[in-house]
Amino acid sequence: MSPSALSGIKVIEYADFISGPFCGKLLADMGATVIKVETPGSGDSSRRSGPFAGNKPDPEASGLFLYLNTNKSGITLDLEAPGGLSLFKDLVKPCDIFITNHHPGAARKLGIHYAGLKKANPFLVYASVTPFGLTGPQKNYHGNNFIAFNTGGMASFTPDWVEDHGSCPPLQAGGYQADYAAGIVAATAALGALYGRYASGKGCMVDVSEQEAVAFALARSVSFYTYEGIRQDRQKIERSMESPVPCKDGYVELHIVEDNHWQAFREVIGNPEWTEDPLFKNYAGRCHNWNLMEENLTRWTMQHTRQEIYHLMQSRRVAFGPVNKAEDVLRSEHIKQRGCFKETNHPRAGKLTLPGVPFKMSAAPNNTPAPAPLLGQHNRQVYGGMLGLSREEIAGLGKKGII
Amino acid sequence: MKAKSNNNLPLSGIRVADLTWWQAGPQATVLLAGLGAEVIRVESRQRPDIMRRVSTHFREDDPATLNYSPHFYSLNYNKKSLSLNLTRPGSAGIARELVKISDIVVENFAGGVMERLGLGYAALKEVNPGIIMLSVTGMGQTGPEKHYLSYAQTMHAFTGLTSITGYAGGPPRSVGAFWGDHVSAYSASFAVLAALHHRRRTGEGQYIDLSMSEAVISTIPEVFLAYEMKGEVSKPRGNRDELMAPHGCYRCKGEDCWAAIAVRNDMEWQAFGRAAGSPAWAGKRKFARAADRLRYQDELDTFIESWTRDRTAREVVEALQSEGIPSGTSSDLDGLIADPQLRQRGFFIRRRHPKGGYGLQLRAPWKLSDYPHPYQPPPDLGQHSRYVICELLGRTEEEFRKLIDAKVIY
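Top line first, the protein sequences correspond to chains R and F.
Going by my numbering, the letters in the first sequence line up with residues 154 to 556, in that order.
Going by my numbering, the letters in the second sequence line up with residues 40 to 449, in that order.
No lab work stands behind these hints, which were simulated from the structure alone.
Just so we're clear, the structure is a prediction, and the values are computed from it rather than from any experiment.
The reader is advised that the hints may include incorrect statements.
What the hints assert, rightly or not - Label pairs and their computed distance ranges (CB to CB):
(1) F:GLY433 x R:LYS504: 55 to 63 Å
(2) F:ALA131 x R:ALA352: 31 to 39 Å
(3) F:TYR426 x R:ALA417: 40 to 48 Å
(4) R:ARG484 x F:THR181: 13 to 21 Å
Said to hold, decoys possible - With a Cα cut of at most 20 Å, we get these calculated EDC-like pairs of lysine to aspartate or glutamate:
(5) R:LYS504 x R:GLU213
(6) F:LYS185 x R:GLU461
(7) R:LYS478 x F:GLU271
(8) R:LYS478 x F:GLU281
(9) R:LYS272 x F:ASP409
(10) F:LYS269 x R:GLU213
(11) F:LYS274 x R:ASP481
(12) R:LYS271 x F:ASP409
(13) R:LYS355 x F:ASP409
(14) F:LYS274 x R:ASP402
(15) F:LYS269 x F:GLU281
(16) R:LYS389 x F:GLU294
(17) F:LYS269 x R:GLU480
(18) R:LYS504 x F:GLU271
(19) F:LYS269 x R:ASP211
Even for Gly, the Cβ is constructed at its ideal location relative to N, Cα and C.
Start from the sequences and build out the full structure, keeping to the hints where you can.
Listed below in structure tokens is the structure:
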């Protein structure tokens, strides 16, 4: 069997919550050796965010942490303790990539800014993910997922259509979309920089701004506006018949833009009289008369379940999507056959089903992921194996609270 | 012949045959171009990228207007264009010759189209065993729903993302601006980079089957875990958070002007009071602890808006950031292009339009310390056909002419 795509690449991660750890997870899931460094005692904050089985908080069994840290080795190290930083630099020396998402001020204070680590390892690819980037007048501003989704402009485009700005504020996407997006960008850019190192022989700093990782989604809208003067946002965007409509057991999302979609759709619902109304003849008319359209359409959708509508419409090449909940996705025959979710067996949380990487590589199989590490689980292995410290030395570091 | 792109960028020497269109595909390859790969778009007048047509300049009867679309510009700068008409006999052979001298092929046609064109992975692997081929589709290349149509909004719905987005107590709503395409493009660029590293070490190319639905699913794990671990069905919660309060967009002075604020802990709440000039409500004991702020959130939000609504969003954010509180203006397009942080980081590339006037394109969302961000203008349709056919594939000028006459190059 072929080895995993990134085997041989060594990564050290000193990052918290989602953006940085997701970057590390992507690399780890692709076969890189990733050492995750956590602060003794407290560890990564995602250990405290859940979800927890039975709502019982347990830092070793937080769902989010268990997802974000598969296939990593976990060690503890207090960077602020005497000798902590120098030990950390010993760990950085043999690594190819370093990942951090700490605030630039904190990174500098700890001595793990690029200039600090470059001396320890001039070949290092230093991947930084911060709310606003490492340069510019707002580099020291504080942010998080919610702030990035807003400062990156996406909240002003969400939901995809509203009648009135005033009563419908900009809206966040569910979950932590900005954090995840920034994490993937950092992984791509870090692998790019590492590839470049084979030719240049030099390390590199990768500076990812979470605000930019979000705003890049608006590349087309920015160009359309600045070149052609047409400004879109959640109110000004064309009413595109792309908002969930109610059905018998929830909602369905529809996408009927092309006229041939409209014709096929009419046939599926049996060419009722209302669809012959010239008001709905073309896309512009259907947008303009959406309220009337929705009223008629809903009479039909309310008689069917979302899965019925989904399969019926799709079998006739009309794009409908069921507004699925977690259980619908987990039960989807398609998702099951794709092997989209992977089972992992964690010593504390037991068997868990986690989303896998979203692609299949023919030459680099993506196997059952190794479970996320317990806090400090691999201390002996890493400090002993990688740095060659003796059992006694490791015990000594533990006693002093450094690890 | 090695790719002749900008030769001091990370992916210099890597060539990409780009058979993508719409958004997710072109957005993935524009990122590879941003890292220095030579990306050659394969397109034609017969079947131009839809994005070339989405422009007020576009006219059916004038092919030159295919070169005026800002939608196309923003996802296709730094690329070259070969106008190869894949419906003509002989065209697939040329495409395979291009693949032979490429490192990567990216496509986002519906499943089966590449095979019908004679450009499936099996055929391409034969001409170039080391080729890395990435296919991007809504549902992936396998499974009972592989042929189902996917658009960003139907995909958001299918994956569960829509079920957790919306105003509190209201219906589910879709995230705007084709967000799922965007996340998929990021995942696609990552997959290609991983495969490149694999090939460098082992010499082995491979086929990558990326499902955009799965790309979105991989970014909402907590939804599935909440169901699996405690049987909980996640719901939309507006702009609020499970643990933080205040957390939301607050109305400021002006039309559709909002400040986004997220107070992470009790210490930041005390700092908030200082930033707001220590009003009595900020000092109330009932708001001192996070659990209580979450409980009395409606009341809390009313107080906060009484402070924000007479100030500009910028004033509010400056006051809060001076105390280290996560906050920012909730930018619309005007706010985005005026944002001093984005401007000073060189996020906007200002370029002239061939019909006059200037507009902006966005650079890739990273800065690399040792490399400049490259910029070549987006190609006119077929601008590099001669370069590809004659220089790269070694055909004579006469042969090139013949291909044009036969509408193979079209």
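Given the hinted pair LYS355 (chain R) and ASP409 (chain F), is their Cα-Cα distance within 20 Å?
holds (9 Å)
Would you mind confirming whether the straight-line C-alpha gap from LYS269 (chain F) to ASP211 (chain R) stays at or under 20 Å?
Satisfied, since the Cα-Cα distance of roughly 14 Å is no more than 20 Å.
What's the verdict on LYS389 (chain R) and GLU294 (chain F), does the C-alpha distance respect the 20 Å limit or exceed it?
holds (14 Å)
Do the beta carbons of ALA131 (chain F) and ALA352 (chain R) sit within 31 to 39 Å of each other?
holds (33 Å)
Between LYS274 (chain F) and ASP402 (chain R), does the CA-CA distance stay at or below 20 Å?
Holds, because 15 Å separates the two Cα atoms, which is no more than 20 Å.
Would the hint linking LYS269 (chain F) and GLU281 (chain F) be met if the CA-CA limit is 20 Å?
holds (16 Å)
Given the hint that LYS269 (chain F) pairs with GLU213 (chain R), does the C-alpha gap stay at or below 20 Å?
The hint holds at about 16 Å.
LYS504 (chain R) paired with GLU213 (chain R) [C-alpha distance capped at 20 Å]:
holds (14 Å)
Status of the given 40 to 48 Å range, CB of ALA417 (chain R) versus CB of TYR426 (chain F)
At roughly 42 Å between Cβ atoms, ALA417 (chain R) and TYR426 (chain F) fall inside 40 to 48 Å, so the hint holds.
Given pair status - ASP409 (chain F), LYS272 (chain R), alpha carbons within 20 Å:
holds (16 Å)
20 Å Cα cutoff - pair LYS274 (chain F), ASP481 (chain R):
Holds - the C-alpha atoms of ASP481 (chain R) and LYS274 (chain F) are around 14 Å apart, at most 20 Å.
Taking only the CA atoms, is the gap from LYS504 (chain R) to GLU271 (chain F) under or equal to 20 Å?
holds (18 Å)
In this structure, every one of the numbered hints holds.
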